[in-house]
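Colleague: What follows is each chain in one-letter form.
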Amino acid sequence: MRMKHLRLVAIGLAGAALSAGSSSAQTRTAPRPEASAAEPAGNADKGKMFYRKAGCYQCHSEQAQGGTQGPRLGPNPVAFRIFERYLRAPTGEMPPYSVKVMSDQDVADVHAFLRALPPAPPLSGLPLLQP
Amino acid sequence: MARPKPPKQRTPVSIERRRFLRTGGLAGAAALVAPTELVGAQQPAAPPPSRPVAPPVMTMAAEGTAPAEETLTTDSSGSDFMVDVVKSLGFEYICANPGSSFRGLHESVINYGGNQKPELLTCCHEESAVAMGHGYFKVEGKPLAVMAHGTVGLQHAAMAIYNAWCDRVPVYIMLGNYGDAAIRRGADWYHAAQDVAAMVRDYTKWDDAPRSLTHFAESAVRAYKVAMTPPMAPVVLVLDGGLQEDGIEGQGKLAVPKLTMPVPPQGDSAAIAELARLLVAAENPVLMAYRLARTPAGMPLLVELAETLQAAVIDKGGRMNFPSRHPLNQTERANAVIASADVIVGLEVTDFWGTVNSLRDQLHRSTRPLTKAGAKLVTITTGDLYIRSNYQDFRRQAQVDLAIAADGEATLPALVDAVRRLVTGDRRRVFQERGAKLADAKRAAFDRARLAASYAWEASPVSTARLCAELWAHIKQEDWSLVSSYYSDGGGWPRRLWDFSKPYHWLGDAGGGGIGYGAPASVGAALANRRHGRLSVAIQTDGDLMYAPGVLWTAAHHRIPLLSIMNNNRSYHMEIMHVQRMCNRRNRGIDRGQIGSTLVDPNIDYAKVAQGLGVHAEGPITDPKDLGPAIARAVAVVKRGEPALVDVVTQVR
Numbered sequence: 009m010r011m012k013h014l015r016l017v018a019i020g021l022a023g024a025a026l027s028a029g030s031s032s033a034q035t036r037t038a039p040r041p042e043a044s045a046a047e048p049a050g051n052a053d054k055g056k057m058f059y060r061k062a063g064c065y066q067c068h069s070e071q072a073q074g075g076t077q078g079p080r081l082g083p084n085p086v087a088f089r090i091f092e093r094y095l096r097a098p099t100g101e102m103p104p105y106s107v108k109v110m111s112d113q114d115v116a117d118v119h120a121f122l123r124a125l126p127p128a129p130p131l132s133g134l135p136l137l138q139p
Numbered sequence: 022m023a024r025p026k027p028p029k030q031r032t033p034v035s036i037e038r039r040r041f042l043r044t045g046g047l048a049g050a051a052a053l054v055a056p057t058e059l060v061g062a063q064q065p066a067a068p069p070p071s072r073p074v075a076p077p078v079m080t081m082a083a084e085g086t087a088p089a090e091e092t093l094t095t096d097s098s099g100s101d102f103m104v105d106v107v108k109s110l111g112f113e114y115i116c117a118n119p120g121s122s123f124r125g126l127h128e129s130v131i132n133y134g135g136n137q138k139p140e141l142l143t144c145c146h147e148e149s150a151v152a153m154g155h156g157y158f159k160v161e162g163k164p165l166a167v168m169a170h171g172t173v174g175l176q177h178a179a180m181a182i183y184n185a186w187c188d189r190v191p192v193y194i195m196l197g198n199y200g201d202a203a204i205r206r207g208a209d210w211y212h213a214a215q216d217v218a219a220m221v222r223d224y225t226k227w228d229d230a231p232r233s234l235t236h237f238a239e240s241a242v243r244a245y246k247v248a249m250t251p252p253m254a255p256v257v258l259v260l261d262g263g264l265q266e267d268g269i270e271g272q273g274k275l276a277v278p279k280l281t282m283p284v285p286p287q288g289d290s291a292a293i294a295e296l297a298r299l300l301v302a303a304e305n306p307v308l309m310a311y312r313l314a315r316t317p318a319g320m321p322l323l324v325e326l327a328e329t330l331q332a333a334v335i336d337k338g339g340r341m342n343f344p345s346r347h348p349l350n351q352t353e354r355a356n357a358v359i360a361s362a363d364v365i366v367g368l369e370v371t372d373f374w375g376t377v378n379s380l381r382d383q384l385h386r387s388t389r390p391l392t393k394a395g396a397k398l399v400t401i402t403t404g405d406l407y408i409r410s411n412y413q414d415f416r417r418q419a420q421v422d423l424a425i426a427a428d429g430e431a432t433l434p435a436l437v438d439a440v441r442r443l444v445t446g447d448r449r450r451v452f453q454e455r456g457a458k459l460a461d462a463k464r465a466a467f468d469r470a471r472l473a474a475s476y477a478w479e480a481s482p483v484s485t486a487r488l489c490a491e492l493w494a495h496i497k498q499e500d501w502s503l504v505s506s507y508y509s510d511g512g513g514w515p516r517r518l519w520d521f522s523k524p525y526h527w528l529g530d531a532g533g534g535g536i537g538y539g540a541p542a543s544v545g546a547a548l549a550n551r552r553h554g555r556l557s558v559a560i561q562t563d564g565d566l567m568y569a570p571g572v573l574w575t576a577a578h579h580r581i582p583l584l585s586i587m588n589n590n591r592s593y594h595m596e597i598m599h600v601q602r603m604c605n606r607r608n609r610g611i612d613r614g615q616i617g618s619t620l621v622d623p624n625i626d627y628a629k630v631a632q633g634l635g636v637h638a639e640g641p642i643t644d645p646k647d648l649g650p651a652i653a654r655a656v657a658v659v660k661r662g663e664p665a666l667v668d669v670v671t672q673v674r
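The listed protein sequences correspond, in order, to chains A and B. Take the first sequence: its letters are residues 9 to 139, numbered as in our numbering. Take the second sequence: its letters are residues 22 to 674, numbered as in our numbering.
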């Protein structure tokens, strides 16, 4: 189920990077499940630093809100197992992050950072975004 | 909007034409010490130099001995006639960075021609001059003329010419050249070549180096006609220095030739009938446009075709092809509609293959079709009428079922008629259901875009979505024109959030992907918008501005109202992402991908840069709360008829 979702995002982006933002938002209306028991404990502060250092911000933007080059990643990221699998072996355009450059602990830290991101302010409270 | 103030300096039309040459050897000296003298040319006339200056030597015969009664002045020159011809072609402006190899024409433009139609605009770089012409055309539908040195000026101009060529935009370029070696003085040798246009011949549509004034007149009119006939492209005329400066005696009877513009080619009627059948019978037809809307008539025609069929439209943004909020505009859902389409029509789409296939950028590049099996693919493009070998702008060969070699816009009226004739009551009901579904999908896409924009709303640096939303709030009540933005060609924030509905709301992109187009093309487009009283807005990236920021001075000097909002991410960010890919692929240094591509340490203070060039400017703004008031102040300046810039430090994307 999740894998299918990932592949859909990948397909959405491969042809036209510009559609990235909307593809991700489209698949993100449902809240994400909490981290599973098998997930290693992550440190959100370290994860924030690694997110920047490893260049995730380049395509997913500084607060992981997504941009023209990559979908929004948080808050409510995909479940850890799927997250890790995607980093190691992306099926779309995203460059791979092997264990050699990103340890399992780094992955857990980044996931913790994404989980800890604040929610967006309610849309109804932003006059500039009203139709 | 307030009427723009007149430029600071205006040459009186009635100026005595020959006074300048009569006052002494200044003209002869100017070319010898090119850089400083050229800058001096902007200042009020300087006194003649006190050192002795050799009289101009015009011919081999004159070389040895000066005649006792030497004639030093003339009342007629070749370049005066050139101006007559140029005026007949209706140019409003001529852009140039001054150069001695076209000093004859320069003088004729400002004195003989009265510096009106065309009016000379001072540019600080030839790339700016040509790119201004690029932007100007996209608003006005008319080319702008450019003068430049045949060698050093053309080399500067080459990048902008390439962009214009890739974007199929006409720019009319006149290059000075001293062809006759016997009359060249010092620097003239560097400013001369045997075949001046050779270096840009691969990316111009036509060039000529006229040998006589009659030859010039015919070639000048032909160049205009060639440039403006779709597929349009820049043209080059090489103007010999001698031909410009010599008198017109002995040139025979001179006449300005008549210009008759060719009618652009319309698609073959049988092919149009076949396409209409396919479209009417299709369950999910998709109309995809890139450089379709060549004139303001283009968008209403596409709207008519789409509404008749209730077909999905993907606006790939090379021009303002389709209203952004139209219920049939499915641009944000491009891949979804392509995947379900049974007929896809590419209307002046340069990269048709790339829109119906994907090429994956991983270690092993792989491709796959985005269309479903059996989908019928059709193209209508002048791209099938014109191709060059060296530069590869023609893209990958698409395998299509029907290729109509014709101008898209010129073909639409016949296609609309053919479709209308075939629509039955049954089909109309099917169309209506389809249209309703597409309208729902459009509403949902718009809501998703608004939701996506709300993330990182308070972020500092400012999110690109916030920047676009703040800007929109200040311009939506105005008669606005987004003259450039690198992020708007298909799915960027302005196109997702703003209501684009007029032909000049969006002008497309650089064409050749050469960075440095944004700033000068914006100034050129703003120049064209000025006459219509429109508020020109540019989302100006930092890397782009740094190529030739001097164009801001041109905007200030010539009172060109333009609101530039910097999308300053302090980097050449696209390149950072490319290098990051390499780091990841090679399993090393993933934290070093930005080396070589950032613009920090020191951070560039664009407000100071702009202020130094005479432009109202504020920034750097990092707190999104400061943005709205700064934009309001800048809009007020622009409405007074002047350029203004707000430097906003933004998120990377």
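Heads up, a few of these hints could be off.
[To be verified] Once the Cα atoms are required to be at most 20 Å apart in a straight line, the calculated EDC-like pairs of lysine to aspartate or glutamate come out as:
hint	chain 1	residue 1	chain 2	residue 2
1	A	K54	B	D612
2	A	K108	B	E161
3	B	K523	B	E161
Calculated from the structure, these hints are not laboratory results.
Colleague: Each of the hints needs a verdict: does it hold here or not?
Modeller: Each hint tested on the structure:
no.	hint	result
1	A/K54 to B/D612	holds (15 Å)
2	A/K108 to B/E161	violated (56 Å)
3	B/K523 to B/E161	holds (14 Å)
Violated hint: 2 only; the structure is consistent with all others.
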